[in-house]
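Using this note's numbering, you'd call the opening residue of the sequence shown number 169 and step up by one each time.
Think of the hints as simulated: they come from the structure by calculation, not from any bench.
Incorrect hints may have been included.
[As the list claims (entries may be wrong)] In silico BS3-like links for lysine-lysine, alpha-carbon gap of 27 angstroms or less:
1) K473 <-> K486
2) K289 <-> K223
3) K423 <-> K382
4) K234 <-> K289
5) K423 <-> K477
6) K489 <-> K443
7) K382 <-> K362
8) K489 <-> K447
9) K489 <-> K289
10) K362 <-> K223
11) K299 <-> K223
12) K486 <-> K427
13) K473 <-> K443
14) K355 <-> K299
15) K382 <-> K223
16) K353 <-> K447
17) K423 <-> K473
18) K234 <-> K223
[What the hints assert, rightly or not] Just the calculated beta-carbon pair ranges, DEER-fashion:
19) T356 <-> T216: 24 to 30 angstroms
20) F419 <-> D504: 38 to 44 angstroms
21) T251 <-> G436: 45 to 51 angstroms
22) T200 <-> G487: 44 to 50 angstroms
23) A246 <-> N432: 46 to 52 angstroms
24) T200 <-> G461: 53 to 59 angstroms
25) T251 <-> L475: 42 to 48 angstroms
Keep in mind the model is a prediction, meaning the values are calculated, not measured.
For every residue, glycine included, the Cβ atom is placed at its ideal position computed from N, Cα and C.
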Amino acid sequence: MGDPVVVNVYDETGAVAQKGFGTGLVFDPTVTNPLEIVSDTGEIQNWTSEDLAYKKVNAMLSQQPKVQEVMIYGVDVATETSTITDELDKLITQNNDWYALAIASNTEADVQEAANWVASKEKIMFGDLGKDAAVADIETFMQGIENQNFALFAHDGGVNDEEQYLDAGALGRILPMTPGSYTLKFKTINNTAKATYLPADTAALQAVNANIYKEWGGSLYVAEGVMSNGDFIDTTVAKHWFAARYREEIFRVLKTSQKVGQDNAGIGLFVDAAKQVNKVAARNGAVAKDADGNFMSTVTYPTRKDLLKNDLANRVLKGVKSTVTYSGAWHNVELDFYLTL
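Make the full structure from the sequences, and use the hints.
Structure representation (structure tokens):
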């Protein structure tokens, strides 16, 4: 049989281990170096400050609050006659305790391949095509990709025409925060200059769900904080968090019990596990409240008499359902003002 705990995620929003959710990986497809786990760029051994991978790690570690650690790993896929897909597949069999991916490449082919890989995982990827990417080329690239786990960040280098590594900086900004407690929009990214796109270009980029770095009211911030399919980044991260936590809590029940009996009391243990996850999510700010101030989450479940004999014989419990209304974030406010004399 397969995994003892299967969480089927039904994403009706429309638009890993606990440690892993705060950890990012920078994968370098141009050089073969062993995996390093660093909390400061001074700890990096096999890349120099001139390397793109180093610069992306630095952007991640430069944010506040600061991410505790970043992984950096490289395989020269051309020399090894391999692919980004194959190498990432190999990596997660050895070390899967990370959540967010950035790659040390700005080429469309590399970004596309890595994005395709992450599409089927409970992980996210932030990428960019470099400061010299034309707006029209970014539009074309984004029109060919619709991925709820991948976000593209566009930056033209600002007035000094320098790479800003906005994708890595944005990852570093959100990774230390608890899923469900934030939105990426309006966040300032340290050491990042304002982009100088013309208004028409800004509108064109946002129309294809590319994230940009803009200024309003004297403040710099990320907009709009979306995945390439238009879903908000925080919604996707929260969905992954729920799935991982349900698996962990239910497996904990299975692992720590001598056995969980096939009766209503046994079913109740799994129901309680799901409810506990929802309670933690509510404390984190991920669960909406109704008009009476009650958190909007429910767990429904069958009783033993409702179960199919075949499922009982195979020792498979089906029919436990957790429904949570996600608490999003206001991004725009309209106020009607009337001045009278």
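*For the range 42 to 48 angstroms, tell me whether the beta carbons of T251 and L475 fit it or not.*
holds, 44 angstroms
*asked:* Check whether the Cα positions of K489 and K443 lie no farther apart than 27 angstroms.
replied: holds, 11 angstroms
*asked:* Need the status of pair K353, K447: alpha-carbon distance at most 27 angstroms?
replied: holds, 26 angstroms
*Starting from K489, check that the Cα of K289 is at most 27 angstroms away, please.*
The given pair, whose Cα atoms are some 22 angstroms apart, holds under the 27 angstroms limit.
*Within a Cα-Cα threshold of 27 angstroms, do K473 and K486 meet the stated pairing?*
Within the cut-off at roughly 12 angstroms; holds.
*Could one say that the CB atoms of T200 and G487 fall in the range 44 to 50 angstroms?*
holds, 49 angstroms
_Range hint compliance [Cβ, T356 to T216, 24 to 30 angstroms]_ = holds, 28 angstroms
*Going straight from one Cα to the other, do K382 and K362 come out at no more than 27 angstroms?*
Given that 27 angstroms is the threshold and the Cα spacing comes to 6 angstroms, the pair holds.
_27 angstroms Cα cutoff - pair K486, K427_ = Within the cut-off at roughly 18 angstroms; holds.
_Check whether the Cα positions of K234 and K289 lie no farther apart than 27 angstroms._
holds, 25 angstroms
*Straight-line alpha-carbon gap K423 to K477, limit 27 angstroms*: Given that 27 angstroms is the threshold and the Cα spacing comes to 24 angstroms, the pair holds.
*For the pair supplied as a hint, K423 and K473, is the alpha-carbon distance within the 27 angstroms limit?*
Judged against 27 angstroms, a Cα distance of about 25 angstroms means the pair holds.
When held up to the earlier numbered hints, the structure conflicts with 3, 20 and 23 and fits the remainder.
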